[in-house]
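Assemble the whole structure, with the sequences as input and the hints as a guide.
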Amino acid sequence: MRLRCEFLADRGNGDGEPDVAVFRPSSGTWYVLKSSTQLASYVTYSFGMAGDIPVPGDYDGDGMTDIAVFRPSTGVWYVLQSRTDFTVSVDYTLGLSNDTPMPGDYDGDGRTDVAVFRPSTGAWIIKTSTSNFMTSVQYIWGDSTVVPIAGDYDRDGKTDLTFFDPPAGLWHVLKSSTNFSASAEYAWGRVDDVPVAGDYDGDLRVDIAVFRPSTGVWYVLTSGSNYSSVLSFSWGMLGDVALPTRP
Numbered sequence: 200m201r202l203r204c205e206f207l208a209d210r211g212n213g214d215g216e217p218d219v220a221v222f223r224p225s226s227g228t229w230y231v232l233k234s235s236t237q238l239a240s241y242v243t244y245s246f247g248m249a250g251d252i253p254v255p256g257d258y259d260g261d262g263m264t265d266i267a268v269f270r271p272s273t274g275v276w277y278v279l280q281s282r283t284d285f286t287v288s289v290d291y292t293l294g295l296s297n298d299t300p301m302p303g304d305y306d307g308d309g310r311t312d313v314a315v316f317r318p319s320t321g322a323w324i325i326k327t328s329t330s331n332f333m334t335s336v337q338y339i340w341g342d343s344t345v346v347p348i349a350g351d352y353d354r355d356g357k358t359d360l361t362f363f364d365p366p367a368g369l370w371h372v373l374k375s376s377t378n379f380s381a382s383a384e385y386a387w388g389r390v391d392d393v394p395v396a397g398d399y400d401g402d403l404r405v406d407i408a409v410f411r412p413s414t415g416v417w418y419v420l421t422s423g424s425n426y427s428s429v430l431s432f433s434w435g436m437l438g439d440v441a442l443p444t445r446p
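Mapped onto the numbering used here, the consecutive letters of the sequence shown carry residue numbers 200 to 446.
FYI, nobody ran anything at the bench for these hints, they're computed from the structure.
All C-beta atoms, glycine included, are put in the ideal place defined by N, C-alpha and C.
Derived Cβ-Cβ restraints for the label pairs, each shown as a range:
| no. | residue 1 | residue 2 | range |
| --- | --- | --- | --- |
| 1 | Gly401 | Ser235 | 18 to 24 Å |
| 2 | Thr228 | Gly423 | 35 to 41 Å |
| 3 | Asn297 | Val390 | 20 to 26 Å |
| 4 | Asn331 | Ser245 | 24 to 30 Å |
| 5 | Gly401 | Asp308 | 23 to 29 Å |
| 6 | Thr292 | Leu437 | 38 to 44 Å |
| 7 | Ser319 | Ala239 | 42 to 48 Å |
Structural data, given as structure tokens:
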């Protein structure tokens, strides 16, 4: 039995602090450890099934994280809305069985958009929340050899299209601030590293970071230094799964 761990920006306590959650595919259960109780108590929700991929995000725009899963077998996203106190769900169709779900706020309206990366074509396909998830846009950025990593690297309030190229050790960022017309490139990491982008320096921009399983070291290229300074942390060992918090 495998658990998928998530750090939720704010599961619904309204305290603005991250909650810790796991999704148990075998039973379709979410276990949420609440930050409002200093992580001393938890709640559970039955939502999902074996084979689903957890894709939490603020899809309804209430400032709290919704519980959501992507079902590769059907290409359907199921969202349990926090604004209904997790009693009402909605669903959206986008994706194929081999697509990678990449939820993010690509249109900058404060809501999570439904999006996938398609390795076979290098396409990012996004159903925007501003269109009530009715209209999709598409960008070609990457291929089947890269690792897609969405995040706001230029601090414009929108998610950028980003991928890590392990053989080359390069990060390629297609900036939303240029309407996805200009890119930046950063040399960071090596072929056996795991990308773990997140906001480690607290400036509300995503830092470029990798976890090196062979040594258990996290290497962070900080956005606050315009990606010129490095932080490193020893935490973990070979076989561990790195779980960065999302900004």
